[in-house]
Amino acid sequence: MSMNLNSKAATSPRELELYFGPQHLGMVGNFSITLKVEGDRILEAQANPGYLHRGFEKLMEYRTWIQNFPMVCRINVVEPDSMEMVYAMAVEKLANIEVPEKAHYIRSIYLELSRVASHLFGLWAYANMLGFDTVAQWAMYHRDLILDLFEELTGGRVYHIYIWPGGVRRDFPPGFKDKIVNTLHSIGGCVPDYDATFFNNRLFYERAKGIGKLTQQQAKEFGATGQTLRATGMKFDIRKVEPYAAYDKVDWDVPVREEGDAYSRVWVIRDEMIESVHMIFKLLDAMPEGEVYNRIPNPFKWRIPKAETYVRVESSRGELGLYMVSSGGYKPYRVHFRTPSYPNGLIILEKLLKNASIADVGNIMISLYVVAPEIDR
Amino acid sequence: MKEKTTDKKGSLLSPFKAINYLFKKPRTLRYPFESKEPALRYRGFHLNDWEKCTGCGNCADICPNEAITMVEIPEIEPKASEKNERPKLDYGRCCFCGLCVDICPAGSLRLSRDYFHIHFDTDTFTFFPKDENSDKEHFLGSGQYSILKASLAHRKENYEGFVSDLDYSLFEPQRVPMPEVAPEERKLSFIEQVIGYSKEEAQKEASRCLECKLCEEACPAHLKISDYVKAIYEDKPDESLKKIFEDNPIPSICGRICMKHCEAACSLSIRGQAVAIRWLKRFAADSIKDYKTALELKPAEPSGRKVAVIGAGPSGLSIAYFLTLKGHKVTAFDCLPGGGGMMRIGPPLYRLPIEAIDKDVNHIASLGVEFRFNTTVGKDILFEDILREYDAIYLCIGTTVSRSTKVKNIDKAHQALPFLQEGKIGSGTKVGKEIIVIGGGNVAMDVAREALRLQHIQYPGENVITKTVSLEDWNEMPATKEEIEDTKAEGIQFNPGWGPKEAKVEDDRIKGLLCVKVESVFDEQGRFSPTFYEEKQMFLQGDMIIEAIGQAPDFSFLPKGLFENLEFTPQRKVKVDENGMTSILRVFAGGDIVNLNLDAVTAIADAKLAAEGIHKMLCKR
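Residue numbers (the working numbering), protein chains in the order written: chain X, 1 to 377; chain U, 1001 to 1621.
Incorrect hints may appear among the rest.
[Unchecked claim] With a straight-line cut-off of 27 angstroms between C-alpha atoms, the simulated BS3-like cross-links for lysine-lysine are:
hint	chain 1	residue 1	chain 2	residue 2
1	U	1488	X	301
2	U	1088	X	301
3	U	1224	X	331
4	U	1199	X	331
5	U	1412	U	1430
6	X	306	U	1236
7	U	1359	U	1433
8	X	235	U	1213
9	U	1213	U	1236
10	X	209	U	1009
11	U	1036	X	331
12	X	301	U	1433
13	U	1199	U	1088
14	X	301	U	1430
15	U	1230	X	306
16	X	177	U	1036
17	U	1199	X	179
18	U	1036	X	301
19	U	1242	X	93
20	U	1292	X	213
21	X	306	U	1204
22	U	1430	X	306
23	U	1009	X	301
No wet-lab data here; the hints were simulated from the structure. On a predicted model such as this, the values are computed, not experimentally measured, just so you know.
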């Protein structure tokens, strides 16, 4: 955090301009916020994205349909899998590719594992920021166990490059179902410890309760999705609204809370993780046998007829949409991602930081579950 | 989870439960004393088996990051259908996505479970991936390998990670099946066996081509295969035909009987089935009724030069086409009543109908080539006169004299070529009910299948047998696998590994063939020199014998003085220079009398070369 005493923006002698990030310890990712403060109180906040602009949407216009597939996952480092899913869905819709039944189940299981891993990562960031280092380390460790699963299934720990148009890239290796079950049981066995140390900790309650409060009306107006919206009492989840993969094949529930503050957002994340684990067990039981990949056309000759589409999935952060246009060629004509961190990290963050205290900047930002690479792309 | 949704302020003491964790073992690994084994599918550094790699370059084409470049390796002696290029990886660019593995048709490129490389020199991050088969030095067994030294130059052997799987490959290993008439039905008549692709089937088959162009290197005439296949895929038949005609003016013929060196080279054939290049050419030729309007050819201004072509087979037709386009006046002489040469009399009607031949011949004639059929050079017109009258001569007379086994009483047997000719453009030889065909080559297969059809036509409903006997065993039989399979499917019996000893004759009629067991066909130098176990004999019963053991050229039309000047190679082929010219000035040659492949597409390649040579010579004078 640095101060600028001579800023012209400062109108009263007590007013300061503070730069929060990108090098600040409380900041996750390459992102920064400029704060105008008076004492401890924030008068105005301005989000500064752009540090992570890699031009993916443009880059994708220069790569063939299959060459884009290893790249989309890089847009969101924390949860690459829903990026793969949304791209595969868009291509399948444009090119009319059928996906085998089993692949739908594998996709759902894989996406839910990814959601748990992503939430654990988010929990690490949040707990770390509040000073709960112990819990943060547990979360990181448990996330690593899931990365082991990913490594075994896909050959990669972070970038899995697994869901591709036509299905998934390889079937489950032998004994993989049991490994998923064992890993999830060992993580699930630690939930009481997490609760005792963090979620039911008085310090967490005091620190997060009532902070960054958003009403349902505001959430809707600002385009919030995911936990930010569900923590305001709105039961909205793309997996229910527009089921994809195998989400309509098993019974599951959408966790919701009413308060709309940081406390409730983090609780929704916790409940979602548990719901995801239950869902994975159900999906594993219901998973049929069969093929997992319908061969896509020869990649060197693959053209997709002229069309455009918008598809959306529920990523771990909210509605992830992809608008893609094909002009009938070997490459997409236009690609645009609608990422959940965009409204959360830019619009809602600025609103909620107004009148907050400096100590709560990280608290509010991370409870909104902002991932900077998603904003910039 | 539902019970937790009510607000609880929580406890101040419960967090101390975490103290339990103090007494648990740490979860982190103390690297490098403890190491973690990567998963079996781990996507680490590349491995490439240089023996299996064909240098097709598909990995470089699909790489999204342009991390792979194909680099020529001069030390590698390229095999006939391969390139001596190998992929070079740049680990500054590679994202380990493994698309290169999923597109590799040979399955040579894999990813290993290695991921350590530490070096001060950034140049070491670009390197040629190899595996333990191709690079023994840097791939070490568990005894020598140390994780402390792990790098691109110090790797563990047998450490494969993400490998190619045909079920998940990015190419389609199976070809679109060609519809054919079933053996039971086709053997009863001369109906064309291969029905031909429909437009949808052809497009689907064409879509499999990966455009690596190994086929174009392998084709003797170097047709632009990947271009014309792509044009078929894109539903541009005119364009496809134009590409074919650049190098091959007889696609209707070649699309049916080509020896398809291209398909043997196709990178998809390594682990799957080659793209059906020959059938696609046939589709391109058949789908266009009138070549002339589709091709929009523009022949050059007449040069006033005259070229004589002796023999109107594939080589003669091709050179006539190429030279006519260059503006020269071409006259082609042939003793047969129509064009096509050996194609007209050799491949039976079920393989190559006359209409398919005439389509190509008529098109070439329509360009202004003068055909003088039914004209035997040396009899109806003297070679000396042609030499005097024309500026250049192209000899492509083929091999027209059937060879004989010369065993006892074999003069009662029939010869392959007259038999095939009679079946194709005559009324069909009167055949016996039990026929023995001597030979194991493609011509023998043609003869046997032709004989079987004639038997079924001449003795409908009766029990008839055709059998072949060949010196070569199954694995060394010169006929193609495909041809042998089709022949077997029609019920023809094979007797491989037997040599004819004597034809048994009673009352001037053939009763059978006495055979002896073959010990070996070739000597140690690989030359044809059969040896037999004289005591092991077998008698094959039969009332007709046809010899199909090869043909020789007939140079009797050449005046003695000229023939003495004609030089031959050690393999008894006419010697030509780099322009296709023989040792006789202004006389060029090509086709079966020049090359060792003895097939149509090589004859076309010879014609292409000689056309350039003749054109060069005629322009100079």
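A quick look at each hint next to the structure:
This hinted pair does not check out: residue 1488/U and residue 301/X have alpha carbons roughly 38 angstroms apart, beyond 27 angstroms. A threshold of 27 angstroms between alpha carbons decides the hint, and for residue 1088/U with residue 301/X the separation of about 24 angstroms falls inside it, so the pair holds. Taking the CA atoms of residue 1224/U and residue 331/X, the gap is about 25 angstroms. The hint holds against a cut of 27 angstroms. This hinted pair checks out: residue 1199/U and residue 331/X have alpha carbons roughly 26 angstroms apart, not beyond 27 angstroms.
Using a Cα cut-off of 27 angstroms, the hinted pair residue 1412/U and residue 1430/U holds, with the two alpha carbons roughly 14 angstroms apart. For the suggested pair residue 306/X and residue 1236/U, the alpha carbons sit about 19 angstroms apart, so the restraint of at most 27 angstroms is met. Pair hint residue 1359/U plus residue 1433/U does not hold up; C-alpha atoms about 36 angstroms apart against a cutoff of 27 angstroms. Under the criterion of a C-alpha separation no larger than 27 angstroms, the hint pairing residue 235/X with residue 1213/U is inconsistent with the structure, at around 57 angstroms.
Our distance criterion of 27 angstroms between C-alpha atoms is met by residue 1213/U and residue 1236/U, whose separation comes to about 20 angstroms. Between residue 209/X and residue 1009/U the CA atoms are separated by roughly 9 angstroms; this keeps the pair inside 27 angstroms, and the hint holds. Annotation: proposed proximity of residue 1036/U to residue 331/X is violated, straight-line Cα distance about 40 angstroms (limit 27 angstroms). Distance check on the hinted pair: residue 301/X and residue 1433/U sit about 53 angstroms apart at the alpha-carbon level, beyond 27 angstroms; violated.
Proposed proximity of residue 1199/U and residue 1088/U is contradicted: the alpha carbons are some 39 angstroms apart, above 27 angstroms. The suggested pairing of residue 301/X with residue 1430/U is violated, with an alpha-carbon distance near 53 angstroms, which exceeds 27 angstroms. Taking the CA atoms of residue 1230/U and residue 306/X, the gap is near 20 angstroms; set against the 27 angstroms cutoff, the hint holds. Restraint check for residue 177/X and residue 1036/U: satisfied, since their Cα atoms lie roughly 22 angstroms apart, inside the 27 angstroms limit.
Pair hint residue 1199/U plus residue 179/X does not hold up; C-alpha atoms about 49 angstroms apart against a cutoff of 27 angstroms. Under the criterion of a C-alpha separation no larger than 27 angstroms, the hint pairing residue 1036/U with residue 301/X is inconsistent with the structure, at around 41 angstroms. With a C-alpha separation of about 36 angstroms, the suggested pairing of residue 1242/U with residue 93/X is violated against the 27 angstroms cut-off. Using a Cα cut-off of 27 angstroms, the hinted pair residue 1292/U and residue 213/X is violated, with the two alpha carbons roughly 79 angstroms apart.
For the suggested pair residue 306/X and residue 1204/U, the alpha carbons sit about 20 angstroms apart, so the restraint of at most 27 angstroms is met. Between residue 1430/U and residue 306/X the CA atoms are separated by roughly 63 angstroms; this puts the pair beyond 27 angstroms, and the hint is violated. Proximity of residue 1009/U to residue 301/X is assessed by CA-CA distance (about 62 angstroms); at most 27 angstroms being required, the pair is judged violated.
Hint compliance for this structure: hints 1, 7, 8, 11, 12, 13, 14, 17, 18, 19, 20, 22, 23 are not met, and every other hint is.
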